[in-house]
Structure formats: C-alpha cells, structure tokens
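**Q** All chains, please: the whole structure from these sequences, using the hints.
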Amino acid sequence: MIPFDFQYYRPTTIQEVINTFNDLDSQGLSPIYYGGGTEIITMARKESLSTKAVIDIKALPETKVLEEVKGELVFGAGLSLSEIIESNLFTLFSKVLRPIADHTVRNKLTLGGNICGRLPYREAILPLLVADGKVVLVGPEGRREVDINTVFDKRLLLKKGEFLLQVKVNKSVISSPYFNRRKEKQTLVDYPITNIVALKEGGKIKMAFSGVAPLPFRSIEMESFINNKELSSEERITKAIELMPLPFKKDHLASDDYRRALLEKSMKEMLANLEGVIV
Numbered sequence: 505m506i507p508f509d510f511q512y513y514r515p516t517t518i519q520e521v522i523n524t525f526n527d528l529d530s531q532g533l534s535p536i537y538y539g540g541g542t543e544i545i546t547m548a549r550k551e552s553l554s555t556k557a558v559i560d561i562k563a564l565p566e567t568k569v570l571e572e573v574k575g576e577l578v579f580g581a582g583l584s585l586s587e588i589i590e591s592n593l594f595t596l597f598s599k600v601l602r603p604i605a606d607h608t609v610r611n612k613l614t615l616g617g618n619i620c621g622r623l624p625y626r627e628a629i630l631p632l633l634v635a636d637g638k639v640v641l642v643g644p645e646g647r648r649e650v651d652i653n654t655v656f657d658k659r660l661l662l663k664k665g666e667f668l669l670q671v672k673v674n675k676s677v678i679s680s681p682y683f684n685r686r687k688e689k690q691t692l693v694d695y696p697i698t699n700i701v702a703l704k705e706g707g708k709i710k711m712a713f714s715g716v717a718p719l720p721f722r723s724i725e726m727e728s729f730i731n732n733k734e735l736s737s738e739e740r741i742t743k744a745i746e747l748m749p750l751p752f753k754k755d756h757l758a759s760d761d762y763r764r765a766l767l768e769k770s771m772k773e774m775l776a777n778l779e780g781v782i783v
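Here the working numbering is used: the first residue of the sequence shown is 505, the next is one more, and so on.
Treat the hints as calculated values from the structure; they're not laboratory data.
Now the in silico label distances, taken between C-beta atoms and shown as ranges:
{"id": "1", "residue 1": "K663", "residue 2": "D509", "range": "26 to 32 Å"}
{"id": "2", "residue 1": "K599", "residue 2": "L747", "range": "22 to 28 Å"}
{"id": "3", "residue 1": "G575", "residue 2": "E746", "range": "35 to 41 Å"}
{"id": "4", "residue 1": "K675", "residue 2": "D606", "range": "29 to 35 Å"}
{"id": "5", "residue 1": "R622", "residue 2": "T654", "range": "18 to 24 Å"}
{"id": "6", "residue 1": "S736", "residue 2": "T608", "range": "43 to 49 Å"}
{"id": "7", "residue 1": "D760", "residue 2": "S530", "range": "43 to 49 Å"}
{"id": "8", "residue 1": "K675", "residue 2": "N526", "range": "35 to 41 Å"}
{"id": "9", "residue 1": "K675", "residue 2": "D761", "range": "38 to 44 Å"}
{"id": "10", "residue 1": "N611", "residue 2": "S759", "range": "30 to 36 Å"}
{"id": "11", "residue 1": "S759", "residue 2": "K664", "range": "34 to 40 Å"}
Quick list of in silico lysine to any residue cross-link-like pairs, SDA-like style, CA-CA up to 25 Å:
{"id": "12", "residue 1": "K574", "residue 2": "T517"}
{"id": "13", "residue 1": "K599", "residue 2": "R622"}
{"id": "14", "residue 1": "K612", "residue 2": "L623"}
{"id": "15", "residue 1": "K743", "residue 2": "L719"}
{"id": "16", "residue 1": "K664", "residue 2": "T654"}
For every residue, glycine included, the Cβ atom is placed at its ideal position computed from N, Cα and C.
**A** Written out as structure tokens, the structure reads:
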C-alpha cells in the first residue's frame, strides 16, 4: 500500500500533458511523470519517494509507436520491455532487455521508465548509446530531437517538466556486429555486476557499460584506446579501463576488484568476438 495520497492524471495529448504539468507545478505539487509505474510504486511503498501528483503519459499515442519510419527504427517511451523484445526490430536491443527483471515485470516496465528511472542500472540505454541513437524530448519549452550521446551523461539530462517521448536508431545498425556480456551474482534476472554492450561500425568498436560503476556510461576516451591497434590487445584493455570516467562499484553484490576482473574478461571476449583477437 502506498502510504500517502496523490492526484492522478492521464492526459491523452502532448499539449494536455504540458498544461497539466504547468498547472500542478504552479500549485507546488511537484508532479512526476508515470510510465509503467513499477519503480514509483515500489519506492513509494518503501517511503523513499513521495509526490502529490502523478501524470501518466502512456495514453499518448506517440509513446506506443513501434515501427520503421524513413530508415529509422522508432520506439515509443511507453512501450513495455516485453513489447520491444518480442518485436525484435533491433536484435541487440532485444538481447539487452531480455534479462531485465522477470517476464511479469517486463510486461509492465516501460522503456521510458527504465531509462529515466531512479535505479542506477538503466540497461535499456546501453544499445542506444552505442548505436548513436536519438531521443525525442517534450516539455514546456517545446519538442526537441537530439543525439542521445549529447543529453545522456550517466543519466538523461532533462529540463524541468521535460519527458522522454521516443527513441530512434538508424536502421543500418541492425546489420552491425555486436557483443553483449552481462554477469549476475546468481540468477539471470538479478541486477548486473557488469554489463558491457558493444557495436562495431566502420571498423571501430563502441562500448557502453552498466553495473561496473555507480551509473551507466559510454566513454569515447576508452574507445580511443580499445580501437588503437598499434597497442597489444592487453594494453588496449588495460589502458581503456584506466580511463573509466567513474570508479568501480563495490556493494553487496560484488567488490570493486571482482568487477574489474569480470570487466577485463568480458573485454577480452569482446575483442575475440568482434575482431577475432585472442587475448
């Protein structure tokens, strides 16, 4: 049971969402956007989240889009993870989403909720980062479509009142070689100890990570070394890891040293898979 009362709104157009947010915000109600609701409900029950107003955006038709449009694959933020997995429009995307929670939770958990939620893993963002995808964001200042790597820095950098409407990736990525290695403590649906997602385009490897550090990230500096073939494979991996933008995470799931060892092993597997290099 949620231990507090709140107002619930379910607008059916983007303008209604904006008007509702502005009205509630002007009343000091600190509204939050609601996708699948799994995280909001869980955190509210644990009393780690409180709000006086919730705006459910799943009634917006734009958030349920799942199609190819003019050479781009478009995924609405209101789609459940299960819907994206079953569509298999983008195989790497489906592969990364499949171990997130169990089937029942994936039926409720939305793409927007996973990317914008408060849990630190945000694994759905990883294939979008390496695919150089775009996000469609909507808020009181209007609508904007921007490269995801310009507005994601450990988290999606949203302006006040802004929400994620859609994500897009170029269809060409579906033919690119990819690699994904996720390590858990016990079962496949546990939170990841390490998760590396890589895509090879134009002879270059792009990488994104979750679980290894406190927050997910992609690092161009790390990629510059992993793609430097003047170095030995061992050196490429060692120097790339040295340039991690965040420290290794240590918690009840694993130590920082164990995460480092797992990441090194996964990166060796990545080079073997994408380049045929045995490290």
